[in-house]
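Participant: The primary structure of each chain is shown beneath.
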Amino acid sequence: MYRIRFHGRGGQGMKTASRILGSAFFLQGYEVQDAPRYGAERRGAPIFAYVRAARQPIQERGIILAPDLVIVADDSLLPMPAAGVLQGVTPRTTLLIHSSEAPETWRQRLNIAGSLLTLSAQAEPHFAGTALTGAAARLVGVIMRSALEQAVRQELAGLGEETLSANLAQALAAYDGMAAHAGQVSEGEASAAVACPRPDWVDLPLDEADAAAAAIHAGATSVEVRTGLWRTLRPVIDYARCKRCWWVCSEFCPDSAIKVSAENYPEIDYEHCKGCLICVAQCPSHAITPIPESSEVKP
Amino acid sequence: MKDEAITVYKHMKDLPSSRLLGTGTPMCAGCGGLLAVHQAYDILGEKTVFVNAAGCMTLLAVYPYTPFRGSWLYTAMASAPAGAQGVRDALDIQLAKGRIQPEEDLQVVVLTGDGAAYGMGLSSTSSAIEHGLDFIYLCYDNEGYANTGQQSSPATPHGAKTATSTGAQGFGGHKKDLFAIWAAHRPAYVATVIATEPVDLARKIEKAKNLKGPRLIIALSPCPTGWDFDPQETVEIGRLAVKTGMWPLKEYENGRVTHTKVPPQRAPVEEYLERQGRFAHLFKPERNEAVLAEIQAGVDEYWAEVEKIND
Ligand SMILES: Cc1ncc(C[n+]2csc(CCOP(=O)(O)OP(=O)(O)O)c2C)c(N)n1
Ligand code: SF4
Ligand code: SF4
Ligand code: SF4
Ligand SMILES: [Mg+2]
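So the protein sequences, as listed, match chains A and B.
All the letters of the first sequence, read from the start, carry residue numbers 1 to 299 under the working numbering.
All the letters of the second sequence, read from the start, carry residue numbers 300 to 610 under the working numbering.
In isolation and in its complexed conformation, chain A is listed as follows (with noise of 0.2 Å):
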């Protein structure tokens, strides 16, 4: 059975991509399933998907704990441990980053052992799902280029000729490009229920019903929410340029992650800050720049 996992933020278009590949799977005779997942966070938030093809039924359930393939849209998840972009990652399996640096640095960084290729970072963010999909499709090397070509369609159909015929052309273009390392992915070990690790129990003592309610008996907890990490742009104020009219930037910050300090100085909460970037937008003495958030930056 193949297993693979998809590892992107809200809005990149991870679902699709693993549909995509899915579909691909599905047209050249596979039984298969996949999946997004997510919690309640949209856009900006970490997420994965997952999918499972095989040429028997597939009795596998869950989340992917021993993948083939990783496959990474946004290379600033790696260095996140909640992302949990390299768990099950063993020396057989193969990453697949979509990255404008070299799979050598990201080697060195991630110290893995097993395979690792690199996609150069996409002009247009939003094609890397399909270009990836179309990576891919080619790694596994049991998917024939017209059935990428037909599930690229298929899926893709409800968003007009033009944006398909774009996706389409990064998806084979990705599956040309991977020629040299065509089949390199295996399918892993079928796996029996009884090696499936049993889940966690959390022993709960038996409360008074109205100690026991989900109540929730202190206010604003969501502070402990870190949204800081959807970020992939982080705005940095520029002092020295600051007009000190915090009632722009901290007013229209949707997530009051603007303090304003005593000398009234607008701060920011990078520990929620999402980077929507509205203060950049916004600040009229443009004291505000978004810089990429690097792996070397810590929140």
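Among the hints, a few may not be true.
[To be verified] To spell it out: a stretch of chain A is covered by chain B in this simulated footprint if at least three of its residues, at any positions, have a beta carbon under 8 Å from a beta carbon of chain B; those stretches are:
#1 42-48
#2 210-221
#3 237-251
#4 267-278
[Claimed, not checked] Here are the computed lysine-lysine pairs in the DSBU-like style, where the Cα-Cα straight-line distance is at most 35 Å:
#5 Lys-259(A) with Lys-508(B)
#6 Lys-243(A) with Lys-309(B)
#7 Lys-15(A) with Lys-474(B)
#8 Lys-309(B) with Lys-583(B)
[Unchecked claim] Chain A is faced by these chain B residues, among others (derived, beta-carbon under 8 Å):
#9 Lys-309
#10 Met-311
#11 Gly-323
#12 Cys-330
#13 Leu-334
#14 Pro-363
#15 Thr-524
#16 Gln-531
#17 Thr-533
Everything labelled a hint here was simulated from the structure, so no lab data went into it.
Keep in mind the model is a prediction, meaning the values are calculated, not measured.
All C-beta atoms, glycine included, are put in the ideal place defined by N, C-alpha and C.
Assemble chain B with the ligands onto chain A, guided by the hints.
Facilitator: What follows is chain B with the ligands alone, placed relative to chain A:
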């Protein structure tokens, strides 16, 4: 024209500089609805209890996390005003029995999307107004069922593409005039607001807060995900909704409707439409002159009517 109400909010710098709404919510980056909620909450203050019908904002309070300082109640989509009635009654009983002091009383605020306000919840809102329920209704209007993937709602504007109107003409219906429907009930107060005009919003929330009875507010809320634009443009797009005259800012009180901000020279509606993916089919592959002209004519007609009444 406008009675100069006494307000503490005259300029942007009069707005509160500290935030009541907590960080760390699951709303999309650049969410215009969240922007309106944070601004309204800063004016409403901590002594507020929210009654929230199903929609994006339901996800604000997902156990064990909440961005609010106080209580929040979740109701089915059609029944937030009924939930508010229950909360108001409970508070009144507690007050009457002396279990809480008048200074501990809470403002009951219904928070729903347009799907609930313009559609499924309209009947229970109508009843609540009829009963004279003492509450504020805050509708964040993102012009669709955003939480379930932006299907069209009764607030979707003519021509917009949604998950359920994907054809070349977009949504064939017309946005329901909820302001007029609410005002026809003669409640204490009705207003339209937008977070990109924060002083106007603050004044209206302040006014509503100081009145009694049913007070209803609709906040047009640009939604980067459902309307398909880059999150950093939320504020710009909101401003264009006002500049083009597509979102009139007004209030109803004592039987009279007043426009609180009349765009001096209305920009063509295209300036607003062309920046949103949901209207892209009106411009490409070729311009849909008929629909564009229809939208412009609707706006022109509205403002011609306003001028006639004001003359
Ligand atoms: C009676 C009922 N029908 C359908 C749903 C599913 N549902 C949950 S949220 C939602 C969309 C609500 O739209 P709106 O009120 O505009 O809020 P938004 O999602 O845009 O924030 C729908 C249809 C529901 N919860 N209850
Ligand atoms: S808007 Fe710009 S200049 Fe004004 S306080 Fe914010 S960062 Fe400073
Ligand atoms: S980018 Fe700016 S406006 Fe957006 S969440 Fe961060 S601080 Fe707030
Ligand atoms: S879908 Fe729209 S309204 Fe809902 S959270 Fe996202 S931006 Fe806000
Ligand atoms: Mg809505």
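Participant: Next step is simple, just say for each hint if it's right about the structure.
Facilitator: Evaluated hints:
1. 42-48: holds (count 4)
2. 210-221: The restraint on the stretch 210-221 of chain A holds, since 5 of its residues have a Cβ under 8 Å from chain B and three suffice.
3. 237-251: holds (count 6)
4. 267-278: holds (count 8)
5. Lys-259(A) with Lys-508(B): holds, 25 Å
6. Lys-243(A) with Lys-309(B): At roughly 20 Å apart (the allowed maximum being 35 Å), Lys-309(B) and Lys-243(A) satisfy the hint.
7. Lys-15(A) with Lys-474(B): holds, 31 Å
8. Lys-309(B) with Lys-583(B): The given pair, whose Cα atoms are some 43 Å apart, is violated under the 35 Å limit.
9. Lys-309: Check failed: Cβ of Lys-309(B) comes no nearer than 12 Å to chain A, outside 8 Å.
10. Met-311: holds, 4 Å
11. Gly-323: holds, 4 Å
12. Cys-330: holds, 5 Å
13. Leu-334: holds, 4 Å
14. Pro-363: holds, 6 Å
15. Thr-524: The hint holds - Thr-524(B) has a Cβ within 8 Å of chain A, the shortest such distance being about 6 Å.
16. Gln-531: This hint holds: Gln-531(B) lies near chain A, its Cβ roughly 4 Å from the closest one there, short of 8 Å.
17. Thr-533: Nearest chain A Cβ about 6 Å off; hint holds.
In this structure, the hints that do not hold are numbers 8 and 9, in rising order.
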